[in-house]
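Trainee: Following the hints, position chain B against chain A.
Chains as they are written, first to last, in the numbering used here: chain A, 1 to 114; chain B, 1001 to 1109.
Keep in mind the hints are simulated off the structure, nothing from the lab. Treat the hints with care, as some may be off.
[Unchecked claim] Computed beta-carbon distance windows for the label pairs: (1) A:L83 - B:E1017: 38 to 46 Å; (2) B:P1014 - A:S29: 42 to 50 Å; (3) B:A1079 - A:S67: 26 to 34 Å; (4) A:S58 - B:E1015: 38 to 46 Å; (5) A:A39 - B:A1029: 37 to 45 Å; (6) B:K1096 - A:Q70: 39 to 47 Å; (7) A:S58 - B:P1014: 44 to 52 Å; (8) A:Q13 - B:S1070: 20 to 28 Å; (9) A:E95 - B:D1039: 22 to 30 Å; (10) A:W7 - B:K1096: 23 to 31 Å.
All of these numbers come straight from a predicted model, not from anything done at the bench. We put the CB at the ideal spot given by N, CA and C, even for glycine.
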Amino acid sequence: SQTIHQWPATLVQPVGSPLSLECTVEGTSNPNLYWYRQAAGRGLQLLFYSVGIGQISSEVPQNLSASRPQDRQFILSSKKLLLSDSGFYLCAWSEEPAGANVLTFGAGSRLTVL
Amino acid sequence: KQEVTQIPAALSVPEGENLVLNCSFTDSAIYNLQWFRQDPGKGLTSLLLIQSSQREQTSGRLNASLDKSSGRSTLYIAASQPGDSATYLCAVDGNKLVFGAGTILRVKS
Chain A
1 SQTIHQWPAT LVQPVGSPLS LECTVEGTSN PNLYWYRQAA GRGLQLLFYS VGIGQISSEV
61 PQNLSASRPQ DRQFILSSKK LLLSDSGFYL CAWSEEPAGA NVLTFGAGSR LTVL
Chain B
1001 KQEVTQIPAA LSVPEGENLV LNCSFTDSAI YNLQWFRQDP GKGLTSLLLI QSSQREQTSG
1061 RLNASLDKSS GRSTLYIAAS QPGDSATYLC AVDGNKLVFG AGTILRVKS
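Looking at chain A on its own, in the form it has when it is part of the complex (with noise of 0.2 Å):
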């Protein structure tokens, strides 16, 4: 069965301080892998998508960025974090085809910036 892990859980982190938050699923190849960002009393907000190894597409101009160095990993990060990167970031992975997917969520991470 296929399972997604998602690390860490919580972070408390600076502004100004680098972040690398990652994500692996196991039990399957080549998913589509997903960042989500939940601001407190929002709705998730998609931030990055992978359709494959090195390829990524950015939803929103931000100050994050997102990595896929292997076939079931996805990194987010950022080298100098804002006061406004808090929230609750989710990865996810669905299968393809389009129009039968189904996503799968991670634990999630929440992000605090002082």
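Mentor: Chain B only, in chain A's frame:
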């Protein structure tokens, strides 16, 4: 641009009551619609997925309907229980998932 709205934003009901959560979307060109559950501070769990060609899906006490032409979906929860307390989100897939802001449900014992 797809917009997804969920009503009500919050709902509090006594245990045992049947309830309906509503989701509306502006662009009917979708592949599917999913309903998720999110417990506080946790990730999302997929509850039901309705393909665009389907009208409804059922899982246990949950029933989700889809009227693509009117841009509406409902999640019906029968005989609600305190364990159903969570935030419920709908998401519409038209190549990319667009989420609503969610309905916070509290079932009182």
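Trainee: It remains to establish, for every hint, whether it holds in the given structure.
Mentor: These are the hints, each one checked on the structure:
no. : hint                        : result
1   : A:L83 - B:E1017: 38 to 46 Å : holds (41 Å)
2   : B:P1014 - A:S29: 42 to 50 Å : holds (47 Å)
3   : B:A1079 - A:S67: 26 to 34 Å : violated (47 Å)
4   : A:S58 - B:E1015: 38 to 46 Å : holds (45 Å)
5   : A:A39 - B:A1029: 37 to 45 Å : violated (27 Å)
6   : B:K1096 - A:Q70: 39 to 47 Å : violated (23 Å)
7   : A:S58 - B:P1014: 44 to 52 Å : holds (46 Å)
8   : A:Q13 - B:S1070: 20 to 28 Å : violated (45 Å)
9   : A:E95 - B:D1039: 22 to 30 Å : holds (25 Å)
10  : A:W7 - B:K1096: 23 to 31 Å  : holds (25 Å)
Violation of the numbered hints given earlier is confined to hints 3, 5, 6, 8; the remaining hints are satisfied by the structure.
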